[in-house]
Amino acid sequence: MILLTSHDSAAFSTLRSSTMTSDALPAERSARPGFDRLVALLCAAKVGAVLCFDASRLARNGRDWHHLLELCGLVEARVIDHDGVYNPCRPNDRLLLGMKGSISEFELGVLRARMLDAARSKARRGELRLSVPFGHRGAGLGLDPDLRLQDAIRSIFARFP
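Using our numbering, count along the sequence shown one by one with no gaps and you end on 896.
Each hint should be verified, as a subset may be incorrect.
Label pairs and their calculated CB-CB ranges [said to hold, decoys possible]:
id, residue 1, residue 2, range
1, H801, D879, 45 to 53 angstroms
2, G797, S866, 50 to 58 angstroms
3, C778, F869, 39 to 47 angstroms
4, V820, G875, 57 to 65 angstroms
Read the hints as simulated data drawn from the structure, not as lab findings.
Values in this document were obtained by computation on a predicted structure and should not be read as measured data.
The beta carbon of each residue, even a glycine, is placed where N, CA and C say it ideally should be.
All chains, full assembly: derive it from the sequences and hints.
Structure (structure tokens):
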């Protein structure tokens with residue numbers, strides 16, 4: 736995502752600086768400093784446009800997406816992706832952006848369901864492999880033979896019961 740900031744966000748053609756930020760974090764992470772910074776800059780009316788590879792991927796859920804669109808509309812910031820330039824102040828653009836966000840949220844739900852179904856299917860066949868807890872060798876194999884590792888783990892559990 737690239738934020739184009741301008742002295743006057745309404746004067747879209749007078750861009751004076753740009754900032755690049757990325758929140759390529761796992762979806763379960765709630766802290767997204769880049770997204771939070773974008774929202775803060777939008778609230779301060781310091782963003783003229785938000786450029787991204789896929790507009791609907793900016794937010795991780797529908798609430799954040801529609802909040803972002805609302806803020807862009809308030810400060811007349813454009814949303815730009817590979818499909819076009821959108822003005823959230825215009826009803827048709829707002830509708831299209833809303834649909835993109837809804838479709839994206841639906842796709843994420845479908846992907847989660849497919850991954851869970853695949854894991855359950857592997858478990859039924861006995862092919863599901865889960866990571867072994869730190870300090871263990873595997874199912875039924877006991878602790879790691881490295882005594883230094885065992886001592887380190889025991890000292891951690893002793894300090895933080």
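When you take the CB atoms of H801 and D879, is the distance between them in 45 to 53 angstroms? Hint holds: Cβ distance 49 angstroms, inside 45 to 53 angstroms.
Is the gap between the beta carbons of G797 and S866 within 50 to 58 angstroms? violated (32 angstroms)
C778 paired with F869, Cβ distance criterion 39 to 47 angstroms: holds (42 angstroms)
For V820 and G875, compare the CB-CB distance with the range 57 to 65 angstroms and indicate the outcome. holds (60 angstroms)
The earlier numbered hint that this structure contradicts is number 2, and it is the only one.
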